[in-house]
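Q: Here are the chains, one letter per residue:
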Amino acid sequence: MMWFNYAQAQSFMPTEGTKIASQVDNLYGFLLAASFISCVIVIGGMIFFVWKYRRRTETDKTAYITHNTFLEFLWSFIPLVIFLAVFAWGWNIYHDMRTMPKDALEVQVTGKQWAWEFEYKSGVKTGNLLVVPVNKDVKLIMTSKDVLHSFYIPSFRIKQDVIPGMYTSLWFNADKLGEFHVFCAEFCGTQHSGMLATVKVVTQAEYEAWLIEESQVGMLPLAQRGQKLFQAKACASCHSVADASAKVGPSLWQKFGTKELTEEGEFAIDENFVRESILSPNAKTTKGFPKGVMPTFQGQLNETELSALIEYIKTLK
Amino acid sequence: MGNNHDENHAHHITPLETYLKVAGALFALTFLTVIAHHFNNQLGVLAAPIAFLIATVKAVLVMLWFMHLKYDSVMNRVIFGAGFFFLALLLFFSGLDIWTRVAEFSTL
Amino acid sequence: MSTDSTHAGHDHHVAHHFRNAEHEYLTSKEGIWLFMVTEILMFGGLFVGYSIFHNIYPEMFAEGAKYLDWKMGFINTLVLIFSSLTMALGIYFLQKNQPKKAVVSLAITILCGAIFMVVKYFEYTHKFHLGIFPGRLLDVAKVGAEHANLGMYFGFYYCMTGLHGIHVLLGMSLITWVLFRTIRGDFNSNYYTAVEGVGIFWHIVDLIWIFLFPLLYLVG
Amino acid sequence: MASAAAHSDKNYLNESSGLWSWLTTLDHKRIGIMYFIAVMFFFLLGGVMALLLRLELYSPGQTIMTADQYNQVMTYHGAIMVFMVIIPGIPAILGNFFLPLHIGAKDVAFPRLNLFSWYCLMAGALLAFSTLFTHKIDTGWTFYTPYSIKTGTSVVTMVIAAFIMGMSSILTGLNFIATVHKLRAPGMTMYRIPLFVWALYSTAILQVLATPVLGITLLLLSVERAFGVGIFDPALGGDPILFQHFFWFYSHPAVYIMILPAMGVVSELITAFSRKVIFGYTAIAYSSLGIAGVSFFVWGHHMFVSGQSTTAGVVFSFLTMLVGVPTAIKMFNWLATMYKGSVLMRSPMLYALGFLFLFAIGGVTGIMLAVVAVDVHFHDTYFVVAHFHYVMVGGTLMAIMGGFYYWFPKMFGKMYSESLARLSFVFIFIGFNVTFFPQFVLGAMGMPRRYFDYIPAYHSLNAISTVGSWLIAIGFLISLYVIVKGLISGEKAPANPWGAKTLEWTVPSPPPHHNFDVEPVITAGPYEYR
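Chains as they are written, first to last, in this note's numbering: chain A, 1 to 317; chain B, 1001 to 1108; chain C, 2001 to 2220; chain D, 3001 to 3530.
It is worth saying that the hints were derived from the structure and are not from the lab.
Bear in mind the structure is a predicted one, so any value in this text is a computation, not a measurement.
Heads up, a few of these hints could be off.
In silico DSS-like links for lysine-lysine, alpha-carbon gap of 25 Å or less [claimed, not checked]:
(1) A:K61 <-> D:K3340
(2) C:K2142 <-> C:K2071
(3) D:K3150 <-> A:K291
(4) A:K52 <-> D:K3501
(5) B:K1021 <-> C:K2100
(6) D:K3150 <-> A:K284
(7) C:K2096 <-> B:K1021
(8) D:K3150 <-> A:K145
(9) A:K287 <-> D:K3150
(10) A:K125 <-> A:K314
(11) B:K1070 <-> C:K2096
(12) D:K3501 <-> A:K61
(13) A:K287 <-> D:K3136
(14) D:K3136 <-> A:K291
(15) D:K3150 <-> A:K247
(16) A:K139 <-> A:K19
(17) D:K3136 <-> A:K247
(18) A:K52 <-> A:K19
(19) A:K125 <-> A:K228
(20) A:K52 <-> D:K3340
(21) B:K1021 <-> C:K2101
Computed Cβ-Cβ distance ranges for the label pairs, DEER-style [as the list claims (entries may be wrong)]:
(22) A:P290 <-> B:H1038: 54 to 64 Å
(23) A:N272 <-> C:H2129: 43 to 53 Å
(24) B:L1046 <-> C:G2131: 54 to 64 Å
(25) A:F289 <-> D:S3021: 16 to 26 Å
(26) D:L3055 <-> C:L2130: 54 to 64 Å
(27) D:Y3191 <-> C:N2190: 26 to 36 Å
(28) B:L1089 <-> D:P3494: 44 to 54 Å
(29) D:G3152 <-> C:F2122: 29 to 39 Å
(30) D:T3134 <-> A:T315: 41 to 51 Å
(31) C:L2130 <-> A:G165: 27 to 37 Å
(32) A:K287 <-> D:L3023: 47 to 57 Å
Here a beta-carbon is modelled for each residue, glycine too, at the ideal position from N, C-alpha and C.
Can you make the complete structure from the sequences, with help from the hints?
A: Shown next as structure tokens:
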């Protein structure tokens, strides 16, 4: 269902969201056709020979053919030429993929277990949502906080591993409006398959409006700021907020003010408990959930942001 | 390969004198390494290549005489050489990647 | 590898799938060389890693080399070269049917291996004393290291010398084994495959040290 | 032949008895059988895990296990199938048994080493399984850093287990090289050895040259976990991509360790059942060596999106194309062998043809993946999963089955039920395509591999794939029944039931303890069907 909301599949490949994607698909189309023909020759030939030269009597005599230099040359040389041709074709497209445009809109991407964070030059931060204007070069400068991830947009046919301790990059120029999937394609642990994000391609005007709206988060009431922050830090990939279902971590729905049974004993969930859970998550962990899974947010949130988060958690009723 | 060798072939015996000469050369080269080390500052960038050149010469001496490769079959020499070749391959391609990587710098 | 033989007293018995003693000797020797290739490639992996990171962090590696005493490495180099000579002589004396001299040579070889390990022991304990441990165990404050990742250099140092040390110990036990068999009279000018194989192994140990010495102690 | 069959009823199976006589045997044939039993057990285990994985993926969301459990089962499935099934599979079972017979030798060069390498595999496997009872590992069989450094599971134990199993592989390879070089019967020149031996020989070179680098890589990974040396850990100034270089320096040649012997088996099967001399002996022999050689230059195609440099990516893409050529040569040579032959569709031949069919698809998709721009899209998706299963399972496993049915009469001196063996092939072949073909489409649609959960759009194809896995399971169960029934109540096999020409068919079935009562003298090539 979600797939169709996002981008319609075209002949077994996702929507072509960029020019590069169409180029890749052309090459892939050629490879498919060439492969199909080779398979027909090999498999068809095999079936034909098996039938044509089936054993008729126990004493069948067979031809004694040890080799044929010309034929052998042909079936070494022709494949070689084809292989080199597709190599060159692939190289050509790869060159475009890896040549970073100048004057592109640059977005900083950080992968962490198990969410994507995006940061724009204006300081706007989002979690698992990348909003970009249509028909504009966008360059992603990517790194990881913990282990390898891989930033993969199927519709744009681009993918790049995200590596802690260094920057890697990707670029694209989306020419279709709409929403596209982002997957993590490098195994990164428990929620690897849940490390999804969305690329939202909008018009330039919508993009600008969105940026302004996002940068005014500071003006919003505390609880709403907390909600934004909750999204930006991708807390929701591990904690559900709308019902009591457990994800990687316990649900936060209707939790505030109740008592929580932790490995260390029973505690009331108050402001200080939430604060401690965010800043040093392993001090007290809910029974049934392993330690060491949630990363610490020490040093990543200021006092106001902490209060905003707590305020938001209070509203989850 | 193994079928038509001389069945009663007597193994080559390296003379005692040769062993002593080779050992003498190895000792001398070790001293030379250390002496070169004392002139590191004068040698500059050449210091490392010189040290490894001497080490390689020593290694070759050990291989040819102590390990008897000089009198061993071609196959055994090829086998041993292959080890070094594939090692060079590992270094070459890993290095090719690392030294042609263009670092991306964050502009934020 | 060279042990595919039943050692019944003085006469070596050729295994049933070989044509004669020479056939067995040549086959065993090829097996030994094949095994040596795997040794070279395994150690080589470390050398490749070392050269790559040496290129990335030349100053850190230079700092690391300063903590090593080249005199220790120098003494050990001489000891190992001498042991290589006595090992080669051990085989020489067997070829000449002089088992007594061979026994003495092999015994000296083991002794040299032991000296090497004792020197290594003093080097290691001295470093531990200074707080120089591999990787994150390296006490940066105590050592007064200029580079925070100096532990990487000593990671290489301990891995390379440690793996080499294990090979020295392994070589010593193998030589002890052929020493006993020589005393028992298993070997003579017609059959000494096992000694030759162990010898090649011991020379490989020497060979690796010949490169480790400048790499770790001198160039840094 | 007739006189040989009537010779005596003593053979390698009944020459001595008792479990101890097996555990201490130096006979390459018995060691081959011991490998067979062990590998069959591992295959069963890995296979059950595969079924569990497919069941979990039947529908999106949690079906039968949690995400963590999925990752563990995925890791063990990969590690077991790679290190314990496919790598030792053909060389250690069929190779051990038939290499000496093929070249007219009484045994492999170093029989004790041969037994020792079996014990290495067992020790490594036991150590690997021990992690099932501690902290089950969840890194995938590739142990990529830094995840393998950070995860709180028994990585070190598993890695040491892989090291020991690698040693087993090295020793087998070393043994085979020395055997081929030194133990050939009089007149058995390098150009008269069967192509299976050429394939094993090329494989052995890879085993000896590539595996030590895996050894040191895994040791460094253990050291990394224990001491935080930082060689592969970016947090300490290391380079996780270097780990991948080191890992694939072994693991790409390892792919050919898995497939080359399979190609060797197929060469034997096709010529035997076409009753015709192989077409292009020299070309097939040299293409085995060629594949082995080039395989050391191409490992970077596993790393096109890993962050390695663009230059390295292009160079590796180019070199990868070169591997395609010797592979194509083999395919065409096999076809030409059937031309004007006398093709008999017995079950081993069915498996060989199944190999050709599946390997053709696996091969062409391999070329697609080698094209760097296309690979960027397909990398780490189900397209890759489908590709390597077509090559490894469709290729290697088909060849193991075919080779096993071909040589079963020789190994055990009994025949098996031909009709059931064919039925088993039908289930495996159809089941395989139903399981893995949809995965090409899934990959093209963008479904990444190692996913416990997926978006609903991928549901129907995943469901089909899961159903296919059940068909494969039925196929293998039938084969198991065929083997057991053949062993218990099979008819006595003649010395040469297929009329094949290679040396192993000149000795009685099962062969005597010393293989050849009189050392054979060879005067012609291996496939003289005139």
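Q: Hints first: check each against the structure and report whether it holds.
A: Hints versus structure:
no., hint, in the structure
1, A:K61 <-> D:K3340, "9 Å, holds"
2, C:K2142 <-> C:K2071, "24 Å, holds"
3, D:K3150 <-> A:K291, "14 Å, holds"
4, A:K52 <-> D:K3501, "23 Å, holds"
5, B:K1021 <-> C:K2100, "23 Å, holds"
6, D:K3150 <-> A:K284, "21 Å, holds"
7, C:K2096 <-> B:K1021, "19 Å, holds"
8, D:K3150 <-> A:K145, "12 Å, holds"
9, A:K287 <-> D:K3150, "23 Å, holds"
10, A:K125 <-> A:K314, "23 Å, holds"
11, B:K1070 <-> C:K2096, "19 Å, holds"
12, D:K3501 <-> A:K61, "15 Å, holds"
13, A:K287 <-> D:K3136, "21 Å, holds"
14, D:K3136 <-> A:K291, "17 Å, holds"
15, D:K3150 <-> A:K247, "21 Å, holds"
16, A:K139 <-> A:K19, "15 Å, holds"
17, D:K3136 <-> A:K247, "21 Å, holds"
18, A:K52 <-> A:K19, "48 Å, violated"
19, A:K125 <-> A:K228, "9 Å, holds"
20, A:K52 <-> D:K3340, "8 Å, holds"
21, B:K1021 <-> C:K2101, "19 Å, holds"
22, A:P290 <-> B:H1038: 54 to 64 Å, "58 Å, holds"
23, A:N272 <-> C:H2129: 43 to 53 Å, "46 Å, holds"
24, B:L1046 <-> C:G2131: 54 to 64 Å, "34 Å, violated"
25, A:F289 <-> D:S3021: 16 to 26 Å, "54 Å, violated"
26, D:L3055 <-> C:L2130: 54 to 64 Å, "57 Å, holds"
27, D:Y3191 <-> C:N2190: 26 to 36 Å, "34 Å, holds"
28, B:L1089 <-> D:P3494: 44 to 54 Å, "49 Å, holds"
29, D:G3152 <-> C:F2122: 29 to 39 Å, "38 Å, holds"
30, D:T3134 <-> A:T315: 41 to 51 Å, "43 Å, holds"
31, C:L2130 <-> A:G165: 27 to 37 Å, "29 Å, holds"
32, A:K287 <-> D:L3023: 47 to 57 Å, "49 Å, holds"
Violated hints for the displayed structure, listed by number in ascending order: 18, 24, 25.
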